[in-house]
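Same order as they appear, the protein sequences are chains A and B. So in this note's numbering, spot 12 of the first sequence is number 12, and the numbers just go up one at a time. Basically this note's numbering = 1-based index in the second sequence + 443.
Keep in mind that a hint or two might mislead.
To be clear about the criterion: a stretch of chain A counts as covered by chain B if any three or more of its residues have a C-beta under 8 angstroms from a C-beta of chain B, and this derived list gives those stretches [unchecked claim]:
#1 51-62
#2 251-258
Simulated restraints, written as ranges between beta carbons of each label pair [claimed, not checked]:
#3 B:620 <-> A:226: 48 to 58 angstroms
#4 A:163 <-> B:876: 54 to 64 angstroms
#5 A:292 <-> B:605: 27 to 37 angstroms
Derived from the structure by calculation, the hints contain no laboratory data. Please read these numbers as outputs of a predicted model, since none were measured by experiment. Ideal Cβ placement from N, Cα and C applies to all residues, glycine included.
Number of protein chains: 2
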Amino acid sequence: MSPTVTGFEVHDIRFPTSEQLDGSDAMNPDPDYSAAYVVIRADDGSEGHGLCFTIGRGNEIAAAAIRALRPAVLRHPAPTTPAALAALHHRLTHDSQLRWLGPEKGVTHMAAGAVINAAWDLAARHAGLPVWEFLARMAPEELVAQVDFRYLTDVLTRDEALAILRAAEPGRAERAARLRAQGYPAYTTSPGWLGYSDEKLVRLAKEAVAGGFGQIKLKVGGDLDDDVRRMRLARAAVGPTVRIAVDANQRWDVADAVRWMTALAPYRPHWIEEPTSPDDILGHAAVRRGQPVKVATGEHVANRVVFKQLLQAGAVDFVQIDAARVAGVNENLAILLLAAKYGVPVCPHAGGVGLCELVQHLAMFDYVAVSGSWEDRVIEYVDHLHEHFTDPAVVTRGRYLAPRAPGFSARLLPESIAAHRFPEGPVWQARRAAEESRGGIAP
Amino acid sequence: MSPTVTGFEVHDIRFPTSEQLDGSDAMNPDPDYSAAYVVIRADDGSEGHGLCFTIGRGNEIAAAAIRALRPAVLRHPAPTTPAALAALHHRLTHDSQLRWLGPEKGVTHMAAGAVINAAWDLAARHAGLPVWEFLARMAPEELVAQVDFRYLTDVLTRDEALAILRAAEPGRAERAARLRAQGYPAYTTSPGWLGYSDEKLVRLAKEAVAGGFGQIKLKVGGDLDDDVRRMRLARAAVGPTVRIAVDANQRWDVADAVRWMTALAPYRPHWIEEPTSPDDILGHAAVRRGQPVKVATGEHVANRVVFKQLLQAGAVDFVQIDAARVAGVNENLAILLLAAKYGVPVCPHAGGVGLCELVQHLAMFDYVAVSGSWEDRVIEYVDHLHEHFTDPAVVTRGRYLAPRAPGFSARLLPESIAAHRFPEGPVWQARRAAEESRGGIAP
Numbered sequence: 001m002s003p004t005v006t007g008f009e010v011h012d013i014r015f016p017t018s019e020q021l022d023g024s025d026a027m028n029p030d031p032d033y034s035a036a037y038v039v040i041r042a043d044d045g046s047e048g049h050g051l052c053f054t055i056g057r058g059n060e061i062a063a064a065a066i067r068a069l070r071p072a073v074l075r076h077p078a079p080t081t082p083a084a085l086a087a088l089h090h091r092l093t094h095d096s097q098l099r100w101l102g103p104e105k106g107v108t109h110m111a112a113g114a115v116i117n118a119a120w121d122l123a124a125r126h127a128g129l130p131v132w133e134f135l136a137r138m139a140p141e142e143l144v145a146q147v148d149f150r151y152l153t154d155v156l157t158r159d160e161a162l163a164i165l166r167a168a169e170p171g172r173a174e175r176a177a178r179l180r181a182q183g184y185p186a187y188t189t190s191p192g193w194l195g196y197s198d199e200k201l202v203r204l205a206k207e208a209v210a211g212g213f214g215q216i217k218l219k220v221g222g223d224l225d226d227d228v229r230r231m232r233l234a235r236a237a238v239g240p241t242v243r244i245a246v247d248a249n250q251r252w253d254v255a256d257a258v259r260w261m262t263a264l265a266p267y268r269p270h271w272i273e274e275p276t277s278p279d280d281i282l283g284h285a286a287v288r289r290g291q292p293v294k295v296a297t298g299e300h301v302a303n304r305v306v307f308k309q310l311l312q313a314g315a316v317d318f319v320q321i322d323a324a325r326v327a328g329v330n331e332n333l334a335i336l337l338l339a340a341k342y343g344v345p346v347c348p349h350a351g352g353v354g355l356c357e358l359v360q361h362l363a364m365f366d367y368v369a370v371s372g373s374w375e376d377r378v379i380e381y382v383d384h385l386h387e388h389f390t391d392p393a394v395v396t397r398g399r400y401l402a403p404r405a406p407g408f409s410a411r412l413l414p415e416s417i418a419a420h421r422f423p424e425g426p427v428w429q430a431r432r433a434a435e436e437s438r439g440g441i442a443p
Numbered sequence: 444m445s446p447t448v449t450g451f452e453v454h455d456i457r458f459p460t461s462e463q464l465d466g467s468d469a470m471n472p473d474p475d476y477s478a479a480y481v482v483i484r485a486d487d488g489s490e491g492h493g494l495c496f497t498i499g500r501g502n503e504i505a506a507a508a509i510r511a512l513r514p515a516v517l518r519h520p521a522p523t524t525p526a527a528l529a530a531l532h533h534r535l536t537h538d539s540q541l542r543w544l545g546p547e548k549g550v551t552h553m554a555a556g557a558v559i560n561a562a563w564d565l566a567a568r569h570a571g572l573p574v575w576e577f578l579a580r581m582a583p584e585e586l587v588a589q590v591d592f593r594y595l596t597d598v599l600t601r602d603e604a605l606a607i608l609r610a611a612e613p614g615r616a617e618r619a620a621r622l623r624a625q626g627y628p629a630y631t632t633s634p635g636w637l638g639y640s641d642e643k644l645v646r647l648a649k650e651a652v653a654g655g656f657g658q659i660k661l662k663v664g665g666d667l668d669d670d671v672r673r674m675r676l677a678r679a680a681v682g683p684t685v686r687i688a689v690d691a692n693q694r695w696d697v698a699d700a701v702r703w704m705t706a707l708a709p710y711r712p713h714w715i716e717e718p719t720s721p722d723d724i725l726g727h728a729a730v731r732r733g734q735p736v737k738v739a740t741g742e743h744v745a746n747r748v749v750f751k752q753l754l755q756a757g758a759v760d761f762v763q764i765d766a767a768r769v770a771g772v773n774e775n776l777a778i779l780l781l782a783a784k785y786g787v788p789v790c791p792h793a794g795g796v797g798l799c800e801l802v803q804h805l806a807m808f809d810y811v812a813v814s815g816s817w818e819d820r821v822i823e824y825v826d827h828l829h830e831h832f833t834d835p836a837v838v839t840r841g842r843y844l845a846p847r848a849p850g851f852s853a854r855l856l857p858e859s860i861a862a863h864r865f866p867e868g869p870v871w872q873a874r875r876a877a878e879e880s881r882g883g884i885a886p
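Please put together the full structure from these sequences, using the hints given.
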């Protein structure tokens, strides 16, 4: 008998990060990093954990959206095989009534992603492998069976995807060994939050270089004069060869982006990230044509259909997948294949709650079994909140070490869940008590 | 003293429409038409009602998303003036933490639309005018102040929008008088649901023509042979001059759409609606180039940024706004202005719960004060569920009569709310009891 799912729990977990201005950028001044967190349990004792990352208010909507998926999971076969994983992905993304709420975008799609990622966590643990290796051991036929090719076939058919995966088969073992030995290149955003002082920026930028990072990132888009000064300071701090990416977090219209980046260009930014709306494919293409800095986007791109068009339109130089925005591993597999078809490097978005932990597996799998390259590829690293995970991402000398523990690495410690439950956990009770004693209003 | 909002109520309302296969199409076989319904109350006795339309499961997520907006409304000035309406729209769409859940798409954006539409209902009732007339009496400067031009300025600036509205000012009174006298052209989807028999299709198509409709619509996309037969029957039933639009509800990839529409083209479909994913701007452009039938889309288009690109890319011949998918009147005003700039007719999507009631106001306002034309324009009409509204849309001889009652026309009767509350209302209790007596499982 194959195991059956018998448990489905959802938790609203929030961290009061706005107290430190960690994570502050031009669009998000005061995030409280949060997770709508799901645990699925099978009757053989297997468990899978997954999450939606949000920045505070509205995390309860994401939790409600996950709960709506319960009937598609509970009492179904536990996702321990490639076939069961593909079937679960299909059930979670093809319910016509829930699809109406997107389709394939926003909270309901993120919720599907959380549950799908929990299923891959369960499957990989069941196999005793980290997710990157579980994926990298699957046959090309099993991998393409995970992908929903609907709306992709004008650009990528199942047969083309199969050809990409087969072409990367020969070197898999060698690349996996190299990955285990050397780790995967990382960059750090820790110096560049908009809420930080110049002094803190310079100090953290120097520490990043001393710590072995070959790339850092600055948030921009608040004020042009400030950004020119911060970029100048950062360039002086890191020297001429370290890459400095900049990130506008969707702050601009096309003309603003062109003007701003033309002004920053003398300091040689490596890329401009999210110059404008993540929905604006033609806008990104115009920004790319209109100024000299390479264009990156993806953390807020809703689904594979928008990624397809960003590539079709020549709108991006780097594809920034996010582990938890789209429909989990399955849809990210489609996006990795699209990027491979166009030869565009995938440089994942991370940070938040558990995003580093999750997305490292996808980048490593891409290296081993899809693109076959880590040239010009780098995973974002932000040193926040890792202490809350049982298998935190480990970055040393500017590289992510390949995870060896089974699963998807994004399992929160039970005591972290208990402490940060919203609104009833002790962290939030204490914060409300402190606010009330100051006469203010807590969230 | 200006009035203040002191009440904010949310209801989960569902109608068991799946019992009749009303509303069945290639993607949505069994919808239970539903509304996450919001009422805002001010301390001067004013009320505004608004809704998210959904098709059943997940309506509770939309209700949760509306509840998350409560702090942006409660204890703020009641939206009785253009300035208060603009400020409310800004608060509802610029909360950085909630924005993360879209941005500007999916359930959270639909929820903002419900609340914004409730605010316009309140404002228009306060002024004693139907919404179309309330809008049509606003100065061009007041109207552009309602629009969020972020991400639009590469295509439409505030000054260009102002010029469009000023150019339409001279004929406003004359067009409003003509509208009151003649009504606005409608088309009917009632004959064409995919779940209906050939006999029912033919009978309802003939009834539609006899009832004065110059256009009908058929759902397609299930099976090509069936669709060719149904299209042939419909063309024979309505004669050569009545327009027959077809609607695939996102069923196809680009090549499918081209093949299917090439086969249907001999029967002269007026447009192909939603041939593929609503996110696929470049896909719609390819469908438009690849076959002879005009292309329409919009009911699932997430926001003004995607509409902008559909127009930029020459992807659509008709823009199908939906009253309740985007951020309410304010964002639809942006979309009407974009369509006017490109000279593309707006033919609204309607049906569902209250969508006819709401969207008629926007099309009429477009005619009076934006495009200044009803040439090639037509509002969808579906004869379902109107009996539940206090001021239902009225269509006679194929035309929507201009509403005369103050407000937005989408106020549900108190007894309809009470009967259809999910899961506790008597309609759902009775359905569960019936299912249980048959041994089945109710939703």
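We went through each hint and held it up to the structure:
1. For the region 51-62 of chain A, the stated coverage by chain B is satisfied: 8 residues place a CB nearer than 8 angstroms to a CB of that chain, which reaches the threshold of 3.
2. Against chain B, the region 251-258 of chain A contributes 3 residues with a C-beta closer than 8 angstroms to a partner C-beta. That satisfies the three-residue criterion, and the hint holds.
3. In this structure the hint that residue 620 of chain B and residue 226 of chain A lie 48 to 58 angstroms apart at CB holds, the actual value being about 55 angstroms.
4. Separated by about 56 angstroms at the C-beta atoms, residue 163 of chain A and residue 876 of chain B satisfy the suggested range of 54 to 64 angstroms.
5. Separation of residue 292 of chain A from residue 605 of chain B is about 34 angstroms and conforms to the stated range, judged on CB atoms against 27 to 37 angstroms.
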